[in-house]
Amino acid sequence: MSKTFDEINQKIREGRAVVVTAEEIIDVAREKGAKEAAKMVDVVTTATFGPMCSSGAFINFGHSDPPIKMRKVWLNNVPAYTGIAAVDAYLGATEMSEDRGLDYGGGHVIEDLIAGKQVKLKAIGFPTDCYPLDEIETCITLNDVNQAYLYNSRNAYQNYFVATNSSDRTIYTYMGTLLPKLANATYCSAGQLSPLLKDPYLRTIGIGTKIFLGGAQGFVSFEGTQFNTEKERTENGVPTTAAACLALSGDLKDMTTRYIKAASIHNYGISLFVGVGIPIPVLDEDMIEHLSLSDEEICVDIYDYGVARRSRPNLGRVNYKELKSGKIKIGGKIASTAPLSSYARAKEIAEVLKGWIQKGDFELSAPVASLPKHKKPTTLEVRSKVGGSCD
Amino acid sequence: MTKKKVVLTFPAENIEQPITYRLVKDFDLILNILRAEIHEEETGRMVLELEGPDKAIEDGIAYLKDQGVDVTEAARDIELDIDECVSCGFCTAVCRPRALQLDDETRELNFIKENCILCGLCVKACPLGIIKVKF
Ligand code: SF4
Ligand code: SF4
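Protein chains in written order, with my numbering: chain A, 1 to 391; chain B, 1 to 135.
Check the hints yourself; a few may be wrong.
Claimed, not checked - Derived, one-sided and incomplete: chain B residues facing chain A with beta-carbon distance under 10 Å: (1) Gln17; (2) Gly68; (3) Val71; (4) Thr72; (5) Ala75; (6) Arg96; (7) Glu108; (8) Leu109; (9) Leu121; (10) Leu128.
Claimed, not checked - Looking from chain A toward chain B, a few residues come up when the C-beta cut is under 10 Å (computed): (11) Pro132; (12) Ser167; (13) Thr170; (14) Arg345.
Honestly, the hints are just simulated from the structure, not real lab data.
Keep in mind that this is a model prediction, so the values were computed, not measured.
C-beta: ideal position from N, C-alpha, C; glycine also.
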């Protein structure tokens, strides 16, 4: 038995669609079996809420009078990139403020904007006959600006890594604070709730897929940067390290700070917690096999971040149930484990999205194009010396 | 007589001297061990109240530092703005005594104050800056 996106949407419109979260489907499949579950359930909602560095916002400020061609832009003293049209800028979440360092940055500006706070805009122009102004300073709010939308180049990673540290000193990484001698290990995935782990071959998630993004409706815009389909997979099809990922976009004006939050990662940098929810249609029985994978069946590899090289030593493999127990064994030693991505908030997002679909406020969209079936990132080889030329 | 509360951080290598014994014997201090979290081959922590004349406390602390023990003033209290917490878990990575834990069921953060040794490590680990230390 199989269903199409159209049939499922028809059910959503009629208020007949059966929607469960990616956590609930595990029990449904266990009790009823895959065949029955596929018949019964129409949509499974997945979600994640973790720090996603490759996030940022495009802002079009609107034109001043007299107009300005912005050459350099700062928002609350955080530089934004404006080498595009006159009043467009891209504010990266990880950009640091010029006066508050790691305590405040692009992520915080984005959160402040969503919170409705006043933000100081400073711009230096490149005066021309059509854009005479050479400088501007004003206060803006999200309401005032012409457009502001989140455009994240790499979010919602399909699995990630477990990070630990074999060295003799505490290290500060994007995976949090790692204590010396394998004393702790951190991980960053919603496991059994995580979108791309539940559709590991990306059958239903592609360009144009409508999603929950930061509390608003958003879209998958493209494959994420460093998208990789060639990572090792366990027998159930799930990659054991960071593999596929998504570029996402959505209107900042519809988002809430409950699902978009700035993060200052100690001695590392600034990031942005992004709440993402993706509905997965139950097209047939085969999909249940992946949708019903539980934490215990989803594995992830452990890497030693104490070695600061592109290829870090692999120290083994664990599953998310073990990680959630609070302790794992690495080479005979016990390391305490800690997540960096909030399972509690991911679960909440899966519930919210489920509610939207049940109420008929959110229909599913079939991808307009698939994400690549085979793709692997290249690396950067350093060929010339600092200061050298490319000849 | 003065009382001073300090957090001692021991290196993972064993300390040769029986330091609490020495503090009592050589410096005539009254000791009150408030919390201790010491395991073999791991960085250990102890919250200690020292009581005695100012000079003896000063000398005692100097002796500890000499032994490779890191000595910092103990916080009076740790405050966590739980309404703002997203239950990410960053803080749980550094909290060895497991005062900060995620609930097994809800995966929401629990702060079990009785377990806290006031080391203050969670303050910087929280990416939202919602844990504050009070001296
Ligand atoms: S101060 Fe923070 S890290 Fe240290 S024991 Fe207390 S709660 Fe844990
Ligand atoms: S690090 Fe901060 S936000 Fe995250 S769980 Fe701990 S207190 Fe909550």
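Given a cut of 10 Å on the nearest C-beta pair, is the interface hint for Pro132 (chain A) held or broken against chain B?
Given a least distance of 42 Å, the restraint on Pro132 (chain A) is violated.
Verify the interface restraint on Gln17 (chain B): the C-beta must sit less than 10 Å from at least one C-beta of chain A.
Nearest chain A Cβ about 22 Å off; hint violated.
Mind checking the CB of Gly68 (chain B) against every CB in chain A and telling me if the closest is under 10 Å?
With Cβ-Cβ at 14 Å, over 10 Å, it is violated.
Does the nearest C-beta of chain A fall within a distance shorter than 10 Å of the C-beta of Leu109 (chain B)?
This hint holds: Leu109 (chain B) lies near chain A, its Cβ roughly 8 Å from the closest one there, short of 10 Å.
Given a cut of 10 Å on the nearest C-beta pair, is the interface hint for Val71 (chain B) held or broken against chain A?
violated, 18 Å
Hint check: is the beta carbon of Leu121 (chain B) less than 10 Å from a beta carbon of chain A?
Status holds, d = 8 Å.
Arg345 (chain A) was flagged as interface toward chain B. Is the shortest Cβ-Cβ separation under 10 Å?
Nearest chain B Cβ about 6 Å off; hint holds.
For the restraint on Arg96 (chain B), tell me whether the closest CB of chain A is nearer than 10 Å.
The hint holds - Arg96 (chain B) has a Cβ within 10 Å of chain A, the shortest such distance being about 7 Å.
Chain A contact restraint on Ala75 (chain B) - CB to CB distance below 10 Å:
violated, 17 Å
Take the shortest C-beta to C-beta distance between Ser167 (chain A) and chain B; is it under 10 Å?
For Ser167 (chain A), the interface hint is violated, since the closest Cβ of chain B sits about 12 Å away, which is over 10 Å.
Holds or violated: the hint that Thr72 (chain B) contacts chain A, with Cβ atoms closer than 10 Å.
Cβ of Thr72 (chain B) sits 15 Å from chain A, so the hint is violated.
Given a cut of 10 Å on the nearest C-beta pair, is the interface hint for Thr170 (chain A) held or broken against chain B?
Check passed: Cβ of Thr170 (chain A) comes within 9 Å of chain B, closer than 10 Å.
Hint compliance for this structure: hints 1, 2, 3, 4, 5, 11 and 12 are broken, all remaining hints hold.
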